[in-house]
Amino acid sequence: MSIDLDRKTMILAIETSCDETAAAVVENGTIVRSNIVASQMDIHKRFGGVVPEVASRHHVEQITVVCEEAIRESGIGWEELDAVAVTQGPGLIGALLVGVNCAKALAYAHGIPLVPVHHITGHIYANRLVTELQFPLIALVVSGGHTELVYMKEHGNYHVVGTTRDDAAGEAFDKVARTLGLPYPGGPEIDRLARRGNTAIDFPRAWLEEGSLDFSFSGLKSAVINYIHNERQRGREVNRADAAASFQASVSEVLVKKTIAAAERYSARQVLVAGGVSANRQIREEMALAAESAGLPLVIPPLKYCTDNAAMIAAAGTIGFLKGRRADLSLNGSASLSIEDF
Amino acid sequence: MNILAIDSSNLVMGVAVVSESRVLGELMTNVKKNHSVRLMPAIAQLMKDVGLTPGDLDRIAVAKGPGSYTGLRIGVSTAKTMAWTLRKELVGVSSLEVVAQNGRYFDGYIAPFFDARRGQVFSGLYTYRDGKIVTVTHDRLVLMKNWLPELASLGKPVLFLSNDLAKWREDLSALPKAVFGGGPQHIPRASELARLGREKDPVPDVHHFLPTYLRLAEAEAKWLARQEQ
Ligand SMILES: [Zn+2]
Numbered sequence: 565m566s567i568d569l570d571r572k573t574m575i576l577a578i579e580t581s582c583d584e585t586a587a588a589v590v591e592n593g594t595i596v597r598s599n600i601v602a603s604q605m606d607i608h609k610r611f612g613g614v615v616p617e618v619a620s621r622h623h624v625e626q627i628t629v630v631c632e633e634a635i636r637e638s639g640i641g642w643e644e645l646d647a648v649a650v651t652q653g654p655g656l657i658g659a660l661l662v663g664v665n666c667a668k669a670l671a672y673a674h675g676i677p678l679v680p681v682h683h684i685t686g687h688i689y690a691n692r693l694v695t696e697l698q699f700p701l702i703a704l705v706v707s708g709g710h711t712e713l714v715y716m717k718e719h720g721n722y723h724v725v726g727t728t729r730d731d732a733a734g735e736a737f738d739k740v741a742r743t744l745g746l747p748y749p750g751g752p753e754i755d756r757l758a759r760r761g762n763t764a765i766d767f768p769r770a771w772l773e774e775g776s777l778d779f780s781f782s783g784l785k786s787a788v789i790n791y792i793h794n795e796r797q798r799g800r801e802v803n804r805a806d807a808a809a810s811f812q813a814s815v816s817e818v819l820v821k822k823t824i825a826a827a828e829r830y831s832a833r834q835v836l837v838a839g840g841v842s843a844n845r846q847i848r849e850e851m852a853l854a855a856e857s858a859g860l861p862l863v864i865p866p867l868k869y870c871t872d873n874a875a876m877i878a879a880a881g882t883i884g885f886l887k888g889r890r891a892d893l894s895l896n897g898s899a900s901l902s903i904e905d906f
Numbered sequence: 004m005n006i007l008a009i010d011s012s013n014l015v016m017g018v019a020v021v022s023e024s025r026v027l028g029e030l031m032t033n034v035k036k037n038h039s040v041r042l043m044p045a046i047a048q049l050m051k052d053v054g055l056t057p058g059d060l061d062r063i064a065v066a067k068g069p070g071s072y073t074g075l076r077i078g079v080s081t082a083k084t085m086a087w088t089l090r091k092e093l094v095g096v097s098s099l100e101v102v103a104q105n106g107r108y109f110d111g112y113i114a115p116f117f118d119a120r121r122g123q124v125f126s127g128l129y130t131y132r133d134g135k136i137v138t139v140t141h142d143r144l145v146l147m148k149n150w151l152p153e154l155a156s157l158g159k160p161v162l163f164l165s166n167d168l169a170k171w172r173e174d175l176s177a178l179p180k181a182v183f184g185g186g187p188q189h190i191p192r193a194s195e196l197a198r199l200g201r202e203k204d205p206v207p208d209v210h211h212f213l214p215t216y217l218r219l220a221e222a223e224a225k226w227l228a229r230q231e232q
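Chains as they are written, first to last, in the working numbering: chain A, 565 to 906; chain B, 4 to 232.
There's no promise every hint is true.
[What the hints assert, rightly or not] Covered stretches of chain B (in silico footprint by chain A; criterion: 3 or more residues with CB under 8 Å from a CB of chain A, positions within the stretch not fixed):
hint	stretch
1	38–48
2	74–81
3	191–202
No lab work stands behind these hints, which were simulated from the structure alone. Given the structure is predicted, the values throughout are model-derived calculations rather than measurements. Every residue, glycine too, gets a C-beta built ideally from N, C-alpha and C.
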């Protein structure tokens, strides 16, 4: 499908799939006019993870506030908007509903089109806020909720070539962190701790069957948790830094090798990495090294576009808008949604 | 004054448009279907039918709860977004107070309620006085087995209005002066919500308007209990 990338667009996007209430205005799919995120991280910390009902309640508190801020900061008027884009899914259903109903009310109130966006396409298009995409490409989306390898032969065309069969990578980080007694969210804590440790413990790498681009982290997670329990039972003090470093090395190696393998199999001209876990320093470094030696251009967006935000939803929504994708006022949130339908 | 009223707080989904004291239109369903899918199309359809555009509205009234958490968020998110972006007034009205309007002219007390599972109900106490329904006690989450003796001690007839009456009818019949509403009396009407919305003061700050859940999220309640230990 050919789309007119030169067409001028101004899109307001809303994202409420998990624990960030976010709104942004993006011009021509690449220029971020505003990007407002109200994070609930501190609220969920005391529960040791995101509580869906609590998240949903906070979205209702923040939703119009972040929208107003996004519009104000962008300096545009409602009449300049071409469309409202919103994350339809996947995500926490109660959380998604707040954003979806807000977006529908805005679309109706101002008589502007409504564009539904798949959250993962948002993570992929976060990269287009940094640099133009080169096709075909392979994108690794890795976060608390997702671990996916997506092949794209052109704009707005998504094909999942690898996915996790159990836990998302970020989920494994959180659970291992909890067992190590680290606060939520576990990813940054493990990253920090791992820098002081050695990869002294031999944790498994789940390559799955020959040639598979799928992932599995539950075996690794259990191996780490068992190791910690066994050491404690024997009265030995666990070297937490070594455990963190060894766990992270396993995750990183599998993510990097499978991503490069996918890129080679699909003759990719570019490799993208996005999602909250791509903030991990070791994964960034090892991915950069592997991509360089394979001669593949690598793009990893800055941290503010890696974690959930609405600028990335606007960037993906712009492509959806140009492809003619529209939703009517009966649009509903959806906890699970196939990216290949977008 | 043109008022749009929105109620998606419980099983009933209702939308009404009222101009001054004239009801221009009302849409209502009492079936288990997804409010998130149907609310906005219902609003757009009704507005079109009565010949109004969003800009013609002066005020939006929303049933603020108690009720289904998800249903409340759908209605409140829609109402507060419309009020904010169109720069219109927003009024929140108790979902129970809307049902209580159906007890007009009743001589005694009116106890609307919504089933809240685990033996609990969301309920409040209202009465008809000087031509209107007034609040006697505030809405609450209460165990029905505690609520009934309290109502019995009032010594007056109590009119029960609830879409969930069937589940509780037997327990309520034990009350000596229990009276049960019939058919449509159990159904909250968005046109009544609009009328109440016209009488009440708008909220001072649309951004900070929230549903009245009357119950903490379970994780929050547990966390608080742990803190007290
Ligand atoms: Zn995400």
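Hint check:
Coverage of the stretch 38–48 of chain B by chain A holds. Counting CB-CB distances below 8 Å, 8 residues qualify, and the rule asks for three or more. Interface restraint, the stretch 74–81 of chain B with chain A: holds (5 residues with C-beta to C-beta distance below 8 Å; minimum three). Check on the stretch 191–202 of chain B: 0 of its residues sit with their Cβ under 8 Å from a Cβ of chain A, so the three-residue criterion for coverage is violated.
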